[in-house]
Structures are given as C-alpha cells and as structure tokens.
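Construct all of the structure, not just a fragment, from the sequences and the given hints.
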Amino acid sequence: MIYLALSILSSSLIFVVFKLFTRYRVETLAAIVVNYAVACLVGLFFYKGDVSLSEIPGKSWFLGTVALGLLFIIVFNLMAATAQKAGVSVASVATKMSLVVPVLFGVIVYREALGALQVLGIVLALAAVYFTAVKKSSINFQRISLLLPLSVFLGSGIIDTSIKYIQEFHIKENDYPVFSATVFAAAAVTGILFILFKSLKNPVKIGYRNVLGGIALGVPNYFSIYFLLRALQHDSLNSASVFTINNVAIVMFSTLLGIVIFKEHISSKNWIGIGLAVISILLIALF
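Take the sequence shown: its letters are residues 1 to 287, numbered as in the numbering used here.
Treat the hints as calculated values from the structure; they're not laboratory data.
Every residue, glycine too, gets a C-beta built ideally from N, C-alpha and C.
Check each hint, because a few of them may be wrong.
[To be verified] FRET-style restraints, in silico, Cβ to Cβ: (1) Leu120 / Arg209: 42 to 48 Å; (2) Tyr208 / Ala127: 22 to 28 Å; (3) Glu27 / Glu264: 22 to 28 Å; (4) Ala5 / Lys48: 30 to 36 Å; (5) Phe18 / Gly115: 32 to 38 Å.
[Said to hold, decoys possible] Below, in silico cross-link-like pairs of lysine-lysine (BS3-like), each with a Cα-Cα straight-line distance of 25 Å or less: (6) Lys85 / Lys172; (7) Lys269 / Lys19; (8) Lys85 / Lys198; (9) Lys85 / Lys269; (10) Lys59 / Lys48; (11) Lys172 / Lys48; (12) Lys19 / Lys263; (13) Lys85 / Lys19; (14) Lys205 / Lys19; (15) Lys205 / Lys59; (16) Lys198 / Lys19.
Encoded structure:
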C-alpha cells in the first residue's frame, strides 16, 4: 500500500505543478518536453545496473515503451484540446473515468475476481470522479462533440492497461527504473519532434522558467509511474483495485491540495464526490 500511496502523492503533485505554471508564466508545451527528459534522467539515475543503450532496443518491452511515449504526447494534447473546447470538468471526468478500461481488462484477461462490494466500490468510484470534477458552470453534453472526450477516455485507459500488461509479462523488477526512463525518453523525442514541427510557424523558446518548470514536473512524473509499477507488483490488491484506488484518490487528494494551497472553492457536489471516493476506496481495499 505504501507504493500506491506514493504513486497517488506523486500524481497529485503533477496537478499542483501544472497549476503553478500559470502563476509563474511557464510555457506548458516547452516545460512538458523538458519534463520528459528530466524524468528519463531520474530513471537512469535510480537504475542500479549498468545501462547499455545498445541493449535497450533488444528488450521485449522496448516497442511498448515507444508506443507509450507516443501515447503520452497524444493524450496530453487531446486533454488540452478537450479542456479548451468542452471545459475542464469534461476533460477531468473523461481522464479519470478511464479507470473502467484497465478494470475490465483485468477481469476479462486476467480473470480477476471482484466481490459484490468491490463492484459497488467501482461504481461509487465513477460517481465520485464525476462529482469531484464537476463545476458550477455546467456543460451541455448534447451540444458538443463527444469525439475529444471519448478520445481522452480511451487514450488514458489504453495507457493504464498497457502499463499493466507490460509489467505483468515483460518487465523484471530490476528493470522498472530503466523501463520508466525509456518511456519518458520516447515521449521526450516525440515532444521535440512536435515542437520542431510547430516551430516552423510559431517558434517555441526554451527559457529558464520552462526548464525549471520541466524539472519540477519531471521528478514527480517519473515517480508516479515507478511507484504505480511497484504497486501493481504486489499480490495484496489486484490490478482493478489498484487502478480504481489510484485514480479516485488522485482526484480526491488533488482537490484537497487545491483547497489548501490555492484556496479553490469546493461546491457541495465536490464534497459529495470526496465522500463517495473515501467510501469506494474503503470498499475496494478492505473487501
């Protein structure tokens, strides 16, 4: 459970750093690319074995890391587009409700058994994500295109499911740091290519603010994946429970951080969501 708690903490800190980007005038795209490079270096630093770059492409998980790195960049941009065109609440709900994908994958592929109370906990978790994310200004779902939120939902779910599959069948425990580093390296390369393409029309400057922002984002970003892999390794919780608790607790904890650090207003619906999140976590973890 300690690894799961550390993954939740790391992931929640990512949202705090994103929030600080606006305050300190950090250009998000540039900082994101720096963040992936930093996360890669952190992974290599914590790898205890000898790193041979020539051997990495021969690893059974290498192609998976390349695909994940590409997905990281694509899903991030889809999240940004969804937030801009459909609203932040829609983007947040679409991202966190994606926990349904790895949960169903675990039940169907790994034959993971879920008790009645765990199923109830997962249903309450979905309700908790919605109520925690919903804001006062409601969005008319019938008048906007569902393509962007659906893409975010599927993309985020595929990322979580892929991480679980690769962890289950292809990664040895001592390879976790270098695997995570390779994922972030692939994302960094993809991001650099994206910036170069974008710079043909609008040059993107890598200033010191963006570098510092990328460093602040890269460290928790790396550990959010590393600790999630560690949590999935243990038999005390199945993958359905791990992903559900992880996603719901991130929404709940990041909301509380927003209250404490940024003095954000929390509506009665948000408090209902936080309460449902606590209940769902207890049902899934204890039963």
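So, going through the hints one by one against the coordinates:
A C-beta distance of roughly 46 Å is found between Leu120 and Arg209, which places it inside the suggested range of 42 to 48 Å. For the hinted restraint 22 to 28 Å between Tyr208 and Ala127, the CB-CB distance of approximately 44 Å leaves it violated. Distance hint check for Glu27 and Glu264: the Cβ-Cβ separation is about 23 Å, which falls inside the suggested range of 22 to 28 Å. Distance hint check: the CB atoms of Ala5 and Lys48 are about 23 Å apart, inconsistent with the given range 30 to 36 Å.
The hinted range of 32 to 38 Å is satisfied by Phe18 and Gly115, whose Cβ atoms lie roughly 36 Å apart. Taken as a hint, the Lys85 and Lys172 pair is broken in the structure, with Cα atoms around 42 Å apart against an allowance of 25 Å. Only pairs whose Cα atoms come within 25 Å are accepted, and Lys269 paired with Lys19 is accepted, the gap being roughly 22 Å. The hinted pair formed by Lys85 and Lys198 meets the criterion: a straight-line CA distance of about 20 Å does not exceed 25 Å.
A C-alpha spacing of about 23 Å is found between Lys85 and Lys269, which places the hinted pair at or below 25 Å, so the restraint holds. At roughly 17 Å between alpha-carbon atoms, Lys59 and Lys48 fall within 25 Å of each other, so this suggested pair holds. For the proposed pair Lys172 and Lys48, the alpha carbon gap of about 13 Å is at most 25 Å, so the pair holds. With a C-alpha separation of about 12 Å, the suggested pair Lys19 and Lys263 falls inside the 25 Å cut-off, and the hint holds.
A threshold of 25 Å between alpha carbons decides the hint, and for Lys85 with Lys19 the separation of about 19 Å falls inside it, so the pair holds. Proximity of Lys205 to Lys19 is assessed by CA-CA distance (about 20 Å); at most 25 Å being required, the pair is judged to hold. For the hint linking Lys205 to Lys59, the alpha-carbon distance of about 35 Å lies beyond 25 Å, and the restraint is violated. Proposed proximity of Lys198 and Lys19 is supported: the alpha carbons are some 24 Å apart, at most 25 Å.
In the structure shown, a violation is registered for the earlier hints numbered 2, 4, 6, 15, in ascending order.
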